[in-house]
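The task is simple: from the sequences and hints, build the whole structure.
There are 2 protein chains.
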Amino acid sequence: MTKINGEERNGVTVLRKSIEYIPRPSLRTWLIGRPLSTADAPHQTIGKLVGLAVFASDALSSTAYATQEILAILAVAGTAAFGYAFPISVAIALLLIIVAISYEQTIHAYPDGGGAYIVARDNLGELPAQIATSALLTDYVLTVAVSISSGVDQLASAFPTLLPYRVYMAVGLVFFTMIVNLRGVRESGLAFAIPSYFFVAMMFLTVGLGLLKYVTGNLEMLADPPPIEVLGPLVAVTPFLILHAFSSGTAALTGIEAISNGITAFKEPRSRNAGITLIWMAGILTVLFLGITFLVHPIGAVPSREETVISQLARAVVEGRGPLCLAAMAGTTVILVMAANTSFAGFPRLSALAAKDGYLPRQLTYRGSRLVYSRGIAALAVFASILVIGFQANVSRLIPLYAIGVFMSFTLSQLGMARRWWKSGHLAPGEEIKERGSVLAYDRGWQVKMIINGVGAIATAIVMVVFAVTKFKDGAYIVLIVIPILVIIFLGIHRHYMSLAHSLSLENYGATPRLARHRVIIPISGVHRGSLAALQYAHTLSDDITAVHVSTDPDEAERVSRKWETWGDGIRLVILDSPFRLFLEPLLQYIEEISDNSQPNEVITIVVPQFVPKHWYHNLLHTQTAILLRLALLFKPGIIVTDVPYQVD
Amino acid sequence: MTKINGEERNGVTVLRKSIEYIPRPSLRTWLIGRPLSTADAPHQTIGKLVGLAVFASDALSSTAYATQEILAILAVAGTAAFGYAFPISVAIALLLIIVAISYEQTIHAYPDGGGAYIVARDNLGELPAQIATSALLTDYVLTVAVSISSGVDQLASAFPTLLPYRVYMAVGLVFFTMIVNLRGVRESGLAFAIPSYFFVAMMFLTVGLGLLKYVTGNLEMLADPPPIEVLGPLVAVTPFLILHAFSSGTAALTGIEAISNGITAFKEPRSRNAGITLIWMAGILTVLFLGITFLVHPIGAVPSREETVISQLARAVVEGRGPLCLAAMAGTTVILVMAANTSFAGFPRLSALAAKDGYLPRQLTYRGSRLVYSRGIAALAVFASILVIGFQANVSRLIPLYAIGVFMSFTLSQLGMARRWWKSGHLAPGEEIKERGSVLAYDRGWQVKMIINGVGAIATAIVMVVFAVTKFKDGAYIVLIVIPILVIIFLGIHRHYMSLAHSLSLENYGATPRLARHRVIIPISGVHRGSLAALQYAHTLSDDITAVHVSTDPDEAERVSRKWETWGDGIRLVILDSPFRLFLEPLLQYIEEISDNSQPNEVITIVVPQFVPKHWYHNLLHTQTAILLRLALLFKPGIIVTDVPYQVD
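So the protein lines, in turn, are chains A and B.
Numbering (the working numbering) for the first sequence: 1 to 649.
Numbering (the working numbering) for the second sequence: 1001 to 1649.
Quick caveat, the hints were computed from the structure, so don't treat them as lab data.
Worth double-checking, as some hints may not be accurate.
Result set (EDC-like, lysine to aspartate or glutamate): computed pairs, CA atoms no more than 16 Å apart in a straight line [unchecked claim]:
no.	chain 1	residue 1	chain 2	residue 2
1	A	K636	A	E585
2	A	K356	B	D1553
3	B	K1048	B	E1268
4	A	K17	B	E1593
5	B	K1356	A	E585
6	A	K423	A	E435
7	B	K1563	A	E507
8	A	K636	A	E565
9	B	K1017	A	E558
10	A	K17	B	E1558
11	A	K17	B	E1585
12	B	K1636	B	E1585
13	A	K356	B	E1556
14	A	K267	A	D112
15	A	K17	B	E1592
Structure (structure tokens):
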């Protein structure tokens, strides 16, 4: 059913039609659900509880390994150095709080979402913004690859028969997560909320029981700790070692930026909801991280490849591998898959944002049938799968690539926020400046806020550098090569869109002159119904028509000109002798001669008869002249190529 | 420089232009030489001496292994059975003479060339002709694969370091032979004549010296024969064993049909020259084959994987591995590569012939820049390379596929000739019937000739059946599957061309009515120089123009209609609301609605503005609407899609 609304505006009739669309059931609708109308969009936002499950799993899942990473570095200085773990975790918790406050401030300053990219763009300029984009996009891909691979590892440790199929399982899980996300954010929120909260509950139970036992003096040392793993010869505790352990532990911070990129996914008032969710997340993360790190010392947990620290803790608290221990492990496995899901929310949003600004292909701003940026989701799945296959789902080979991007974006975001406070401090009270993504106003506490962000920027920059230096050879160099390449590509894309907009701009564009003359050329290989259909169409275009036959065989040329005398409506026929049996080249040369001699206000249309056989593979039996001709004449102004399809059968 | 000849015929102006073509030097001209004009064609024929080198190497190279194949079968009945080898070879020589006479008769009956395909087509009908085509084409591909692989084997036996690179070398040689053939037949004749005659000379020297020693009583038994190879447990000599040995030995006949397919390559009088060349070839082949087989018994040669029979013979004649022995081996290697070259002459000719009759893609009739059927040459190289790679250049795995096709085509050809004599016998003396490829007249000796051909047909049919049965499991079944599939494809291609010709035929076709109405639709995504260029072009087509904007964003639609008021020349604008954010579907639905309501004598042109960016890869940054639209509307009569390219920069 078609509804029509007519309107006459400034002498131009503007008709508005709404064409009802009845989606056909298909594999696609079965997989991702029936198409949603744009009008359905506002309902597809999420509340704080679902938002926490959707955006926080990446950050929360890092509690599963952050403490262990600290211990693994400290082990080089002997088990006595494990005493430094808790003070280091307190420092990390402080950093976490600074970053969280910074992002909470960002969420309120940028209610339309953005995170590092928008903050860098609005406060630092194009290059830092594109560095942030590249760093974040790279990291999203790595999050999916690392988290899914690690999740599959946990599964394979539990069921060793699955071990040979790890890569297949990982790729399968990537595409499963992709489909869940193509269905839309609310559905994926519901699907993922239960396991997310299960993990959080298990962790709180473990840590809470442990602290209770510690306070009541019932927490005992592990009777059978796994064999400790030391990465090198024993060394003394140095400031560098402490910094190294600190930087390894900051893996706990990865994923904290997810909410600030996804503010628009939240229910209104979205800034407030997103901000509260961020604070919840930071709170849960801090408590769990500090709790776990505090407890490992009294129970004598050690870093080991045979048993994770979480497992040792669960075992110590409930005394043995009971159901609680298994449940904690299951929760850990699932939260890692959830972490991948966080990227499936972040990557498409960020790429759509950058695409809207013209730094990525515009197609990424297209919202698919379920109102999600389906092309970004699909792109993430493809890149992550390439990474998973390339690194054979091996987490330890992927880890050194991970986290540099996160800290690079943290640094840029906080640097941008610091710059913003500095700018706001130099406004008059009450003065407001409208920026693209936000409104800038004078803020009384600007010095304190600037210092918080500045300290955060310096701290995250140091972490990034330490990370890059210590893990350079293990793979960090790959990221340090990829990010600049991506930046160059993004800037190139932007240059193209800018130059295109400039070429197409109607500024200083005079009135379009009418074309004075229209010449038509019909290349014919023979005289048949197809070429007569083309001739019939040519008559509607112009009275200046020339048929051209490229001749490689004099007998054939004679036959064509005889038939043309009967059927050609008296239209002039030119026979081009092609002594080298070429078809396209003489025709092009002829067309170019005519075009070179034409007046400026003239257009030439090449009308090409084209058979359309019933089956596509029959095209293999015909030379595709029209396609070749179009490609050859694409760059020639004033020449238009038109196929006149002739349906055979 | 353009020369023009005008002419007025029946009120139609027919212009004849000849456009001079200056070929640019390129990798292509460097590889295959400067393009040749069609006028150069007659000079590119060859004489008898070169013709022998070009067409006979396939047949002659079989002397390198035919005798050994006979001995290998007889060895199952003990070395005493080797005495049967010479009588068997006499029988094969008789068969060879029958086949040669048959083909000599064919060459004179069909002076425009043809061989099995044309003889079967003109005398037996479509199906036998297509079976012959499939069999021959399959066999040409196999000849290349087998000969090149065998040649590489000889090389690798001499230089074992080359062994791991056999497949690469074989593919390299296939493409080398391809390039030589793309240069044109005369050049390839010259390039190949010297080694061909070297092989013949070496063989005559070996056999001649051997016979001389035998007559003078100086030929001695080999002092150190290589270890004999027996393929199974000892059995008695049975008629089946003799037949089996006979059929293995008939490998000597492969390639004998090459000349009859390539008559047109010869200098005039071509039938005579081709016939004489065939007789020379058959003579050389018979003498060498009989001579070699006669000599193996007195010297006590045995079939062996460690040393070929030819090598044993050379060693016995010159007493030791001297220069003659090495020269004979080198000649053998080279003749095998020459044998592949024979197929490069035969395959393109046959496929062009079948393509001209509409059983293969018409493109195969196209003669390339060097006046050879370059597409057939390239196709042969590709198929042979696939076979070489698929079978890892392993001759013993390829051999069972080989020869069935040859004998199938021999049988069909001789059956066709027998039928032809029978027909000629039923004409009145002096009466003549014109057939497509020949003139049929009464022949006094028709009974004898028919009996010769009939006996040949029966003999080659038996050989084919014995071959197929004894080697079925080893790979012959592949050919017996491939040939019927090819026949079905060829008949399908023919059906397509016939139905196309029928659809395009102007028989019973009335005068073309003028189209009464021309509607133009311009889909616009925005108002810019590109869409205005399309509008400017649309004005030359019709006054009935509608611009259509598919709207997924109301703000954007508002902007477009405002701009259109200024720039749209008062042309009606339709805004199609697309609630599901689809672009193509609402547009197609709109076009179809208009098309369904249109009158029969009406045409609709969709004028699509299309950017042409400077670099092709920039197209990745744009949705290719025009291409999708054209594909979607290809099957809809009365709708034409025209892109108006707008060159950016």
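Taking the hints in turn, this is what the structure says about them:
1. For the hint linking K636/A to E585/A, the alpha-carbon distance of about 15 Å falls within 16 Å, and the restraint holds.
2. The suggested pairing of K356/A with D1553/B holds, with an alpha-carbon distance near 14 Å, which does not exceed 16 Å.
3. Under the criterion of a C-alpha separation no larger than 16 Å, the hint pairing K1048/B with E1268/B is consistent with the structure, at around 10 Å.
4. For the hint linking K17/A to E1593/B, the alpha-carbon distance of about 12 Å falls within 16 Å, and the restraint holds.
5. A distance of roughly 24 Å separates the Cα atoms of K1356/B and E585/A; the hinted pair therefore is violated under the 16 Å criterion.
6. For the hint pairing K423/A with E435/A, the CA-to-CA distance comes to about 12 Å; that is within 16 Å, so the pair holds.
7. At most 16 Å may separate the alpha-carbon atoms for a hinted pair to count; K1563/B and E507/A meet this at roughly 12 Å.
8. In summary, the hint linking K636/A to E565/A is not supported, as the alpha carbons are separated by about 32 Å, beyond the 16 Å threshold.
9. Of the pairs offered as hints, the one joining K1017/B and E558/A holds, with about 14 Å between alpha carbons and a cut-off of 16 Å not exceeded.
10. For a cut-off of 16 Å, the pair hint linking K17/A to E1558/B stands: about 14 Å separates their Cα positions.
11. For the hint linking K17/A to E1585/B, the alpha-carbon distance of about 14 Å falls within 16 Å, and the restraint holds.
12. Distance check on the hinted pair: K1636/B and E1585/B sit about 15 Å apart at the alpha-carbon level, within 16 Å; holds.
13. Under the criterion of a C-alpha separation no larger than 16 Å, the hint pairing K356/A with E1556/B is consistent with the structure, at around 14 Å.
14. With a C-alpha separation of about 12 Å, the suggested pair K267/A and D112/A falls inside the 16 Å cut-off, and the hint holds.
15. Between K17/A and E1592/B the alpha-carbon distance is near 14 Å, which keeps this suggested pair within the 16 Å criterion.
The structure shown violates the earlier hints numbered 5 and 8.
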